[in-house]
Each structure stands twice: as structure tokens, then as C-alpha cells.
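Q: As they're listed, the protein sequences go chains A and B. Going by numbering that gives the first Met the number 0, the first residue of the first sequence is number 0, and it counts up by one from there. Going by numbering that gives the first Met the number 0, the first residue of the second sequence is number 0, and it counts up by one from there.
One thing to keep in mind: the hints can contain errors.
Claimed, not checked - With a cut-off of at most 25 Å between alpha-carbon atoms, the simulated DSS-like pairs for lysine-lysine come out as follows:
{"no.": "1", "chain 1": "B", "residue 1": "208", "chain 2": "A", "residue 2": "115"}
{"no.": "2", "chain 1": "A", "residue 1": "213", "chain 2": "A", "residue 2": "156"}
{"no.": "3", "chain 1": "B", "residue 1": "205", "chain 2": "B", "residue 2": "283"}
{"no.": "4", "chain 1": "B", "residue 1": "283", "chain 2": "B", "residue 2": "208"}
{"no.": "5", "chain 1": "A", "residue 1": "115", "chain 2": "B", "residue 2": "205"}
{"no.": "6", "chain 1": "A", "residue 1": "160", "chain 2": "B", "residue 2": "287"}
By construction, these hints were calculated from the structure, which means they are not laboratory data.
These are the residues of each chain, in order.
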Amino acid sequence: MADPIGIEIRDLYKIFGPNPAQYVDAVRRGMTKGELQSKHHHVLGLRDINISIPPGSIQVIMGLSGSGKSTLIRHINRLIEPTAGEIVIEGQNVVEMSPQALREFRRHKTAMVFQKFALLPHRTVLDNAAYGLEVQGVAEAERYRTAMRWIERVGLKGFEKNYPSQLSGGMQQRVGLARALANDAPILLMDEAYSALDPLIRYDMQTVLLDLQKEVRKTIVFITHDLDEALRIGDRIALLRDGSVIQQGSAQDIVLRPADDYVANFVQHVDRGRVLKVGAVMLPPNGAATVAIAADATLADALHLMATHQVQGLRVEEAGREVGHLPFQTAIDAYTGPSDKAAA
Amino acid sequence: MSWLTSFPQINDGTLRDLKKVIDEGFRNFTRSYGDLIEGFFSPLQHLLSWSEKLLTSTPWPIILLVVAALAWGASRNIRIVIGSVVTLVLIGMFGMWTDTMKTVSMILASTLLSILIGLPLGILMSRSQRMQSALNPVLDVMQTMPSFVYLIPVVMLLGIGRVPGLIAVVIYALPPMIRLTNLGIRQVDNEVLEAADAFGSSRWQKLIKAELPLALPTIMAGINQTIMMALAMVVIASMIGVQGLGQPVLKAISNQYFTLGLFNGFAIVGIAILFDRISQSWGKRLQKHREASHG
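Please model the complete structure; the sequences and the hints are all you need to start from.
A: Listed below in C-alpha cells is the structure:
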């Protein structure tokens, strides 16, 4: 299995239109999206994106439609050419790669999963899953062996001779996932991969991804417009609005410390009890409480534990060592959040 | 007020000179390059003689068997097989077997040629906007210019016979092949192409593994159209010496032989339907994977 590698996105700008390079400086100096559009008839896609994605982590990029998130992910494997900026992966700037180098890079370093699956309708599940290997020139027996392993891993054993049109949406996306994983690329790009699935299947597929990630440790860039999905799977989340990153950090950061009203609005309907971890809201250790809970347990678990044991506080432990304590009041405050004050 | 009712035209003398210059220019061109051009097209002559000989000298039961096998292979539908065989048997019983074989050989050759020329041109056209804008008016001319008009230079260059007939048929039958190949490739789902790119396909791999297979239903419709248009040219081609079902029709027109025209006309319709059903059901069978058995 390939070692995970990180992704550095630096000063990335994308302007759509006939003459994009001409307006980069103006945008750098602060021209707004509306101004660019009304005065110069160019569309601002991305503005000053700086994201550093550590190896082996799941980076969620989230935003509403039109925020530029699908444009951003397509810059990582250069399906879209940036107007300015660089994307550095393993010390190499993807933006400056020659067509051959880019092709090799796409074959071996990245794999992509698409919103509408983008499977080849005239190929069987097996041939779809083996597509990346086929393009690389891997011999038939070997690519079928690898593809078959991933088809089994995503739970499609027995369907390998079917055509995509014979499968449900959720199953088709499993094929998309198997195709991407069969490549054994260290970077996995998922463009709204689960947005077209219904909620139960989506939850299921998130679980598949999280389970797989424990095994394969890839660097995953996951695009979504669904906050619950972002909070569930993202190690780190970047929020995009009108082509700019307005906040990035862990799920805890974003829920506890929203950068502005827009983000606050976004997160206000989140089930904080299931998102917030005990470790993110606990106070320093005081050695008093007797009932223990893990630091990565959720707030809801903590409150439930207090209720069952009829205690007013918990000892927070990490690897058997006390790292903090969580009084009932702190837990409740974190759970209800700032919306209380807003109501008052 | 006569300048309003009669259109101000170039004066007769100039017009006459212009026509004379063009005519003489082309005649000189024909004289000096005719042989060269005929030599260039001689492989077509061989292809045509070979396919005609193959079809006319093969015993009729074998032809019937081959057609039945082709119909079955393409459609897996017993009704199409029976229909094809019955059509051919009727044609044979009414004494049109040899003419029909000659026509079929002509159609097969012109379809093959149209595919060989049309597919690459259609692909090129789908690749560049400029190519599309350049080819479109040419295709319009090919489809709407009355065929007699381009028969004149073709006959002047190559004389009367099968090859000029074939060229005339191909000029008329080629446009739908090019247009529908172009359209089919342009209609391929963009996300699938992105996926092909994202996995590092080369341009050739993308064309062979994604674009052409996904455009295939439209390309098949193009081939079908090409066959039908080639058949529609049979009578006109017979005017410049192409043998087959067209010649009796021509004879029937000039001598007012109503029944002769009708029989041969029906024979053309019969093989048109036969070609159409076989090629269409083959196209459908190629798309079997599209039949969704799942919501």
C-alpha cells in the first residue's frame, strides 16, 4: 500500500471567462465577485485558496451550490486549469506538470469518485472497477484480481458481471468507489460522492468509507453540501462561500467557534450532542469525579452516562489517564450552545 | 421604370465568357488529369467488381442462408429472419435476383466507404469548433445539391460506370454518417469524460474506451441513414451505368412500363426494409446493457 502523501494548495485563484489572467491582480486587490461579473463579465470561481491537507487525513470541503467546491476539487488533479496559484504534492507543482507527467500523476497518485457515478454504461461492474488499471496497462488477469478484491470489499460480490444500469444508485456508487480504490492511489478525491444517494444509503456509504480509511489510510478530499456528512467524516473541514474559504478547522472548532454569522447560521441546527466530543469542551482535571469517559466520546454519550449513574460530573480519560473533567453544567452549556443567549 | 422590373444582371457577354472559361478550364483539367484520377480510384473499381462477382456468382441458397444467419446474429428475432428470407425469395421468384444482388453489392460498398470516410471526419468535427463550422456548409451542399449537377463533373472525369456511380452515391449518403458521428460524440456525458481523464486516459484511450462506445447508438443511426440514402440513389446512379435494380426502373420510366417499374420499386423497398431491420436490431442489441432492470 502506498504511503499517504499530503496536499498543499497555495494562493489558488480561478476566474472563468475569455481573459481570466487579466483580472487576477484586480481580484487580489479586492474586486468583488459581483463587480467582476457586472463590469468585466468574468466569473470569479475561486479566490485566494490556501489549504494544507496532512497525509492520511480526511479533508472535507463544504459549501452550498455555487460556492466553488466542485471547481476546487477539480484543481487537485487539474481537470480544471487554475488562473493563478499552485498545488504542491510530493514537492511537485501539479499546475506546471507537462501533459505526460500529468497523465502519470493522475494514473498513480489520484483517484476520483463522482457525484453521478460516471461509470461506463457499456462495461460490466468488473470492467468498470478495473478501468484505472486498464488505462495504466496492467495485464488483464492482474487487474481483474485487484478489481475483484475491491468489488468484494465494497460489498458487491456476485454483481461483477452486471451492467451499471442494473444496479441501484447506492450500488453504482460502490462501483465508483471500487474503481477509485483499485487504483491504489494515495489521494482519493470525492466530488459530492454521496449527494445523489438517499439518506440511509448515504449513512451506510459514509460508514463504508470510514471503515476503509482505517485500513488504507489515504489522503481523502471530500466535497459535500451536507453539514452532518461533513461533521461525521471530516478530520478537518474547510467552509467555502462565493469562492473563498471562510473558515477551516476541525468539526469541533467550527461548531464551537464559528468564524462569522454565516457559519453560525450554518451550524445552528446541528445536533451538537452527537458532533461535539468530550475532549473539546472539558475542563482541566480535578481528580474528583469517579465515573470515567473517553475524551473522544460524544457529549450525548457523556450526558447519558451522567444520567444513568446519577452523577454531576465525569472523569475524562485518554488511554487510561485522566486528562480533564466534565461537570454537568459545562456539558449542558456546550450542548445547548449560544442559541440560548440569542433567544434570551 | 424597366430597371425595377428586370433585375440588373451581369451583361450576357461577360456571363457567356465566364461560363466558357470555367467549362474550358475544367475540360483541360479533365484531359490532363483524368487518367491520373481514374488510376487513383481504381482500387474502388476492384472492390466493386469483387463484391458484385461474389454476390452474383454465389449460389442463391447460400445467399439465403447467409442472410438468415446474419439476421439471426444481429437480431435474435425469428420474425426478422423469416421476413428477410421471404422478401428475398419473392424478389427471386419475380425474376429480379441478379439485379438485386448487383444493387446490394453497390450498397454494401458505398456504405463501407461512407463509414471509412465518415467516422474519422465525424470524430475530427467533434474535436474542434472550427472543423465543425468548416464542414457544416460542405455537408449542406452535399445533401441539397441536386445529384444530377455533381454527376456532370464526375462523369466528365471518370466516364460512365460503377466507380462514378459509387462516388455519386457516397457523396449523397456520407453526410448523415459524419453529422451523427459528430453529434454522438458531442453528446457523451461530460462527467464520464471527466472520469476517463481523472484516471489518466490518453486521448486515444478516451476515444476508444469511452467516447465511441457511448456515441455508438447515434453512430449506428448514422449508418442506418447512410444505407437508406444509398438505396434512394439507386435509380439516379443507374443513369450513369450502374447496373442493378435502377436500370429496369429507368427503362420503365422512359417506356411507361408500369408493372416493371412497380416490381423493381418494390424490390428496392424490400431490401431497404431488410437492411433497416437488421441494422437497427443489431444496434439495439449492442445497447442491451442500457435496459435497466433496476429503478
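Q: For every hint, state whether the structure bears it out.
A: Now the hints, each set against the structure:
no. : hint              : in the structure
1   : 208(B) <-> 115(A) : 19 Å, holds
2   : 213(A) <-> 156(A) : 21 Å, holds
3   : 205(B) <-> 283(B) : 23 Å, holds
4   : 283(B) <-> 208(B) : 19 Å, holds
5   : 115(A) <-> 205(B) : 19 Å, holds
6   : 160(A) <-> 287(B) : 14 Å, holds
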